[in-house]
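*Asks:* For the record, the sequence lines run as chains A, U and V.
Its first residue numbered 1, the first sequence is counted upward by one per residue in the numbering used here.
Its first residue numbered 403, the second sequence is counted upward by one per residue in the numbering used here.
Its first residue numbered 598, the third sequence is counted upward by one per residue in the numbering used here.
Source of the hints: derived by calculation from the structure; they are not laboratory data.
Think of the CB as a built atom: it goes at the ideal place given N, C-alpha and C, for glycine as much as any other residue.
There's no promise every hint is true.
What the hints assert, rightly or not - Think about it this way: if two alpha-carbon atoms lie no more than 20 Å apart in a straight line, the pair counts; the simulated EDC-like pairs of lysine to aspartate or glutamate are:
no., chain 1, residue 1, chain 2, residue 2
1, V, K911, A, D313
2, A, K329, U, D484
3, A, K73, U, D461
4, A, K73, U, D479
5, A, K73, U, D450
To be verified - According to the in silico footprint, chain A covers these stretches of chain U (three or more CB under 8 Å from chain A):
no., segment
6, 444–457
7, 506–514
What the hints assert, rightly or not - Facing chain A, a subset of chain V residues (Cβ under 8 Å, in silico):
no., residue
8, E662
9, D663
10, D670
11, R671
12, V673
13, I811
14, P812
15, S820
16, S890
17, L893
18, T896
19, R899
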Amino acid sequence: MGEELEMTVAPDMVRNLAGAAVSVELETPDMTLNIGPQHPSTHGVLRLVAKVDGERAFDVQPVIGYMHRGYEKLSEVRTYPQITALINRIDWVSGYANEIPFIVAAERLMGVEPPERAQFIRLILTEMARISSHLVFQASYPLELGAATPLFFALRDRERVLDLIEMVTGGRFHPNFNRIGGVKPAVGAGPTTRKTIQDLPAGFLAETRDAMDRVLSTADQLEDLVAGNEIVLARTKGIGILPPEVAIAYGVSGPNLRASGVGFDLRNVSDYLPYHLFDFQVPVGEAGDCWDRWWVRLEEIRQSASIVRQAVDSIPSGPLQAKVPRIIKVPAGEIYVRAENPKGEMGYYVVSDGGLGPYRLKIRSASFSNISILRWALEGTLVPDIIAIMGSLDFVLGDVDR
Amino acid sequence: MTLSPSDAEMTDADGAGEGNSLVDRAADAVGGVALEALETAKVGVSADRWTQTLRIARDDLGLGFFSWLSAIHWTNDPQVGDSLSQEVTERFELLCAVSDVTSGELVVFSTDLEATAPTVDSLIEIYPGADWHEREAREMFGITFVGHPCPENLYLPNEFAGNPLLKSFPLLSREVKPWPGDVDVEEMPAVGGGT
Amino acid sequence: MSPWLALAIWLLVVATIIPVMGMAIGYAEMKISAHMQSRIGPYFAGGRFGWAQLIADGVKFFQKEDLVPDNADRPVFKMAPVLVMVGTVGLFVVIPFGPGLTPQNLDLGIFYALAISSIGTIGVLMAGWSSGNKYSLIGGLRAAGQLIAYELPLVLAVVGVVILAGTMSLDGIVQAQISWFSEAGWAWGMPFVIVQAVGLGVFFIASLAELSRIPFDMPIAESELVMGYLTEYSGFRFLFFFLAEFANMFTLSAIAATLFLGGYWVPGVPDSILQFVGPLVLLGKIALFVFVSIWLRWTFPRFREDQLQTLAWKWLVPISLANIIVTGILKVVI
């Protein structure tokens, strides 16, 4: 915002202002409002160049790339186990979930099937990552509308979930816990010699059950606090409607797509984790507005908590790691594995040439496609609605720029 | 044109069992060839039929969900990463993944573009979501998308010279400090051990 | 006592009360919001309960550099916080703290109070315009639009009370509540809130909007406009705005308490005692309003600019007009 007022004059522009057609004859310069890259509610370093006429914006151009770290290039000089450390950092709000599709892709190329217990642990942690990601949304979205209090309720329970993830993996945001053919044995659960069979830390399953109960009660609290709030409803209902056909054509996925009434959930379609063993529902919105996107994410917290409880109750015993060679060499081949990440479809197209690392790794991240719709969605909105719509898409800039 | 298929068994995956039929159906519909990509349905078409193919995919096959678009730079002389085990003709392989949100089917369409001045028609008319993906591919590989309304860099400054994802584009950090450094981790056992 | 000495004493009192009340309300806001959000809030400053947190904050602000942006309109930029403060200080002049404890009992007390409180708006507009920042400009314009919209219901809500009291003097209004119904043989008076509950509601909502507090904080709207008209302010100029907000809460709550809850008066207590407990009673009633506004602040998100205007023009103004009519009829009937 340091730049001077930059005025562009559109002399004979006729614009629709709040339903009434106003013919602009006087010289009314439009103001270019630069929202970001440093701004309280751009979730990092997104920049929006908005042309505004008073409170109404009529051309909002998202500018990305402030956090491009070139992971696709870096992956070409790294081995498969090293890459999991990189891709943790794509969507850092749900770091664990990022690893899964890549690891599964490498396993499929190698023809390795991880043991059942490892798959269950992956599934539990993935759903926990989803809960923590959605809790961050539940925290930040009301804040963007101006209500600070839900933040503390949501983050309090996210902390519990992160503690549990840390208990198993040793990392809160970047677990780097998956190995090709299984999961890395828990930190501190025994002497770290290779021969010791290590397992989930003692008490983890019981504490998880307890934490899920708390998450469910927090979800109820949040619903009371936010859904019963007249001003929240006024700010979100009917705002930022994404029709299903537009959302699909833009590749918007995940809760944003489901809020538009498309019940597409890769957990039901792809078999990267044994979701078919569990009973859960896919919440689907009706209108595709900001309110539905909020509601879908709240409901997904409940469903994920339910999945975690079922998985904790039915987790089989057994080894955590399949037999794999000491030096991972992935046979030549190509595969695309996608997973339902908290933000949407996350996929990796792995091209292997039989070496230690991939020849090419294409990372399909959800937020990139999700915010490419911003320009369409923000056309002709009010400035406060820019923030409301942007926040409701729940993106992370690391997931956009990669 | 693809790498040799691995001997890994087909695992259950997207559209298990009918994965083959999906790829054949898609290949028949667009007049392309089914390519090997494990459980992923991958169909190769020629570059001049690119937009036509994707239009058929959207309208006839119901693959309306634009998942992603990217490219692979096939070259025998990479500046970064390992060399290929087999000789290939230098070219770009353009990939576009589209899927169906009701059945969950996903097809990756592939076309080969020549190594010098790769050019292809833009998909933006068919899938508006291709906008940023094409800008990314243009920036990273130097592929020209004819008909794209905003051919500008997405990530890097517009003045930036070079296309970072080309295999001929060196990775500066590796030039400055080669990997691995002087001291590697513990010695690897000679023959593959257990876990 | 010479008039100059009296003036000096009053000035001293006002100069102490404003920062002290500002800090007390700021501290209350920190603590209450903390308890609403399962936090502890200020804890370490001052040894216990973090009571010195606001003092520490104030000292911190004074240590900061007084930055003025290059393309700001310097004199206007520097004057704006002072003007905001003037509006706040001016209000203290007419508040009756007890029997005979009104700094200046003006006949047009409430009229003066509403007029002087609008001066702050000019300060806000000046701050927004002079900062040379687009966020500030939008914030300042929003503030202007908002304050124009809510000035009207604020004034209209007061009219009902004025009709009942038959005077515009704030002390007179308190006296009117003390003697209200007394001619009907009632032992004690009654606060006007009993028949002016609607007026109180409108007045309270409108004064929240005047204060630019959530849910009416669009001029600041930190998630949209960074800090609105405050974006470019730092150091003690920011502190001025900060204190003015809390002091304004205090004065507007005091006026609401005076108009609707009987001010310094409690039923059954003679004037001789009220002389001393009056200010405390008033403080108690102010605390009630302050608590409610803090409560709302941490419960609601903010409105959108158009929703705010709708609320003002389509709801509050008609309601307060209806209230005036009903009150007028009541006055004639009773």
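*Asks:* The structure should be examined with respect to each hint, and the outcome stated for every one.
*Replies:* Here's how the hints hold up against the structure:
no.	hint	result
1	V:K911 to A:D313	violated (56 Å)
2	A:K329 to U:D484	holds (13 Å)
3	A:K73 to U:D461	violated (35 Å)
4	A:K73 to U:D479	holds (16 Å)
5	A:K73 to U:D450	violated (29 Å)
6	444–457	violated (count 1)
7	506–514	holds (count 3)
8	E662	violated (17 Å)
9	D663	violated (19 Å)
10	D670	violated (13 Å)
11	R671	violated (16 Å)
12	V673	violated (16 Å)
13	I811	holds (6 Å)
14	P812	holds (5 Å)
15	S820	holds (4 Å)
16	S890	violated (15 Å)
17	L893	violated (10 Å)
18	T896	holds (7 Å)
19	R899	holds (3 Å)
Taken one by one, the earlier hints fail for this structure at numbers 1, 3, 5, 6, 8, 9, 10, 11, 12, 16 and 17, listed in ascending order.
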